[in-house]
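Engineer: Given next are the chains, with one letter for each unit.
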Amino acid sequence: MESKFKVNTEGKWYDNVDLAWRMNEYDEFAVEQAVQVKDQVGEADVTVLSIGIDKVKETMKKALAMGCDRGVHVNDDASYAKDPFEIASIIAAFARDKGFDLIFTGMQSQDRGSAQVGVLVAEMLGLPSVSTIVDFAFDNGQITAKRELEGGLRAIIKTQAPALLTCQLGLNTPRYPTLPNIMKAKKKELLTLEVATLLQDGARQETVKMYVPEKKGGGLVLEGDVGAIADQLVQILKEKTGVLA
Amino acid sequence: MAEKIYKGGEFLVAEVTCDEVFTPEEFTDEQKQIAETTEQFVENEILPHLDAIEAQNFDLVVEGMRKCGDLGLLMIDTPEEYGGLELDKATSMLVGEKIAPAGSFSVAYAAHTGLGTLPLVYYGTEPQKQQYLPKLVSGEWVAAYCLTEPDSGSDAMNARATATLSEDGQHYLLNGTKQFITNGGFAKLFIIFAKIDKEHFSAFLVEKDFAGLVVGAEEKKMGIKGSSTTQIILDNCKVPVENLLGDIGKGHKIAFNVLNVGRFKLAACVTGAAKAALLVGVKYANERKQFGQPISQFGAIQEKVADLTADLFASESLVYRLAGLLDTKLATIDKGIDNYYVEYQKGIEEYAAECAISKVFCSDVLARVVDEVVQIHGGYGFVSEYPAERFYRDERINRIFEGTNEINRLLIPGIILRKSMKGELPLQAEAMKAFESLMTPSFEELDDTLAFAAEKALLQNLKTLFLILAGTAVQKHMTALANEQEILLAAADIAIQIFAIESAVLRAEKACRSASEKKKQWLEAAVKVFAFNATEIAGTAAKKGAFYVEEGDPLLMILSGVRRFAKYDATGLLQAKRLLAHAVCEEEKYLF
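Residue numbers (the numbering used here), protein chains in the order written: chain A, 1 to 245; chain B, 1 to 592.
Check the hints yourself; a few may be wrong.
Stated by the list, open to error - The calculated DMTMM-like cross-link candidates involving lysine to aspartate or glutamate, where the alpha carbons are at most 20 Å apart (straight line), are:
#1 Lys543/B to Glu484/B
#2 Lys4/A to Glu406/B
#3 Lys589/B to Glu39/B
#4 Lys55/A to Glu30/B
#5 Lys82/A to Asp101/A
#6 Lys55/A to Glu207/B
#7 Lys188/A to Glu30/B
#8 Lys544/B to Glu406/B
#9 Lys129/B to Glu207/B
#10 Lys4/A to Glu588/B
#11 Lys184/A to Glu406/B
#12 Lys55/A to Asp77/A
#13 Lys12/A to Glu214/A
#14 Lys184/A to Glu86/B
#15 Lys57/A to Asp29/B
#16 Lys184/A to Glu80/B
#17 Lys6/A to Asp111/A
#18 Lys55/A to Glu36/B
#19 Lys32/B to Glu58/A
#20 Lys98/A to Asp77/A
#21 Lys55/A to Asp97/A
#22 Lys184/A to Asp69/A
#23 Lys186/A to Glu588/B
Hint data in this document are derived by calculation from the structure and do not stem from the laboratory.
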């Protein structure tokens, strides 16, 4: 897999020529959860937002086909170069006056993997946030979420909408869009906003360099008769290390 | 999409440009999503149960069909008023391609959505459609198409099954035996062909529960073991008169027209199966080490991978070019007119030769792929623990059903010559020109500044060669040519390769405009490898045809034409093969 990713000429991101684009897996859990809440409460309006080049609209259409009602594409040719703070501030700037009851984000992106954006958006909007949820229940504004902690522990968190939740693997199984819904999604609103209209804050971090880690030598498994292996081992230790010196 | 509407068979005399062909690079976002949903469905809902399905646990097939219904995968060809989506042929073929890796399940799917459902869509009365289509679209009922009989396969019109009107005029009583009925074991609706009064070949909609319909035992088959194949025995089967499908005596129209659709759908399915099989072969070649290195690093294996990849590129290009031809044509028909489906049928029939070509070419590609995938696996390809063995067995039927490849190859020149006689194609005039060019030496030089100049010149030459051979054959045998099957088969083989090369070249040319440098190299390599292989096949067919049809000086003349026109400069062939093979093995996916 790694061999297919090449660092770009700038040395700060990967080269995305000829790569297939897919929805970030954790975002897919977020879309699914939002649609499930809509299915549960009946009357709801789900907006899906994505920042990036024109091509992300293709992926957004999948979210619309899964059941989101409308899409907002923030057009940005350089989204990959933005730090989590900038990305969060763009989302927050859009969401600020919209009065969303619930915001679901992926726990992290599969490329940069900072896991910061969701919680930063919550902070910027002054909302409570629950990160890495693996279970979610909604009852009349009351949220009960299960979080995944280190060491296999789980925590149950209760909070009140409006709130932001970041979604972890295990939360749900994203549906695959049905053909009728794919065709219906074609007619749903997909608004494009220029990133300049939303970006008000500068970066807090800079990616200095991106590189493929150096290959470390692989292990060596000795096979065969125990006696012979022992001899082989001693030989290797003598030749390649100072252990027996 | 193409603006000019090409006639069926016109590719043999026209110079088609790449802007006029539809290519997979032009799929809409919706088509891509539908493909993704199909892929996920197969991966999550079918592949985990494949062993059980192969063991003929048909409940899983029926359940899978329901799930297809839930996802809308059975809606594609049915109009909206009966619960369908009526999407274009490109989508229909794309789904066929993506469902194909589901092995036997995909056979049930294809039989249901194609031959099982389409007769009703095209020929059903309003009440018949209202009654049955929603059930078929939801997957509540599975359908089956019953044409073949123990003594009439390719010779379908010679059917023995009969239908007799009951004394009270309320029912037809059907008698006879239908053979090799796909989905026979669990279908709830059967499209059955029988002769009314032993004379008028007609179609009937027969429910499983109608008295007198008996499902025979499951056939023990070489492959696609997880599909149901049974006899359907009609023992005074009582069919209400309102279940007559289409007009009395017009059953042949239904039987053959849906076969055109069945053929191009099969072409799409086998292309998908071949992609899946090749991938398994490539992954194995990367894992399997001999002489201290993965066998994928050996030229012997790489050559196979490269040849198959090039074949697949042609197969895919051909399938969607045909989809584009059909969709462009069908889009010109006003949906509001009363005889919409009559015109629609004509639209599809226009490309009957191309449908036959797609079926033959793509199923032959699959045959080569599965054969070499077994070979790549060595001894492990021969044991059933590895999927290569199943691919190999499952492939074989594709060259038999939906019209054997021989029947389809015979159809191709037959259709084209008929069009020529009717004045729809200027074959005669073009053949005259071809003969003239045979007499005059050529000083033409390639314009290297044009994209794929060598391949385009090759195509012109192969078309000339086809015209020379077909022209000679017509002159020699006149109307008796229909009896000269060996000659017709040779002519078909040239036409098939021409359509395949042209599809690959035009697609590559179009795709190159927006492709990355790396991809451009892959495209050029695929075209080179395929053009070389296909030219050899066409050249052999032409030579064979020449010997069949002529002797003496005229023979020598044609043979010199074969040498001149079936010629392709494949300089860099080895490098092209290695480039393709390296890329496929590194990416472990189909490249295009």
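Engineer: A separate judgement is required for each hint: does it hold in the structure or not?
Structural biologist: Comparing the hints with the structure gives:
no.: 1; hint: Lys543/B to Glu484/B; in the structure: holds (16 Å)
no.: 2; hint: Lys4/A to Glu406/B; in the structure: violated (44 Å)
no.: 3; hint: Lys589/B to Glu39/B; in the structure: holds (14 Å)
no.: 4; hint: Lys55/A to Glu30/B; in the structure: holds (14 Å)
no.: 5; hint: Lys82/A to Asp101/A; in the structure: violated (27 Å)
no.: 6; hint: Lys55/A to Glu207/B; in the structure: violated (49 Å)
no.: 7; hint: Lys188/A to Glu30/B; in the structure: holds (13 Å)
no.: 8; hint: Lys544/B to Glu406/B; in the structure: holds (17 Å)
no.: 9; hint: Lys129/B to Glu207/B; in the structure: holds (14 Å)
no.: 10; hint: Lys4/A to Glu588/B; in the structure: holds (11 Å)
no.: 11; hint: Lys184/A to Glu406/B; in the structure: violated (43 Å)
no.: 12; hint: Lys55/A to Asp77/A; in the structure: holds (10 Å)
no.: 13; hint: Lys12/A to Glu214/A; in the structure: holds (17 Å)
no.: 14; hint: Lys184/A to Glu86/B; in the structure: holds (13 Å)
no.: 15; hint: Lys57/A to Asp29/B; in the structure: holds (9 Å)
no.: 16; hint: Lys184/A to Glu80/B; in the structure: holds (13 Å)
no.: 17; hint: Lys6/A to Asp111/A; in the structure: holds (13 Å)
no.: 18; hint: Lys55/A to Glu36/B; in the structure: holds (17 Å)
no.: 19; hint: Lys32/B to Glu58/A; in the structure: holds (9 Å)
no.: 20; hint: Lys98/A to Asp77/A; in the structure: violated (25 Å)
no.: 21; hint: Lys55/A to Asp97/A; in the structure: violated (27 Å)
no.: 22; hint: Lys184/A to Asp69/A; in the structure: holds (10 Å)
no.: 23; hint: Lys186/A to Glu588/B; in the structure: violated (33 Å)
Against the hints set out earlier in the document, violations occur for numbers 2, 5, 6, 11, 20, 21, 23.
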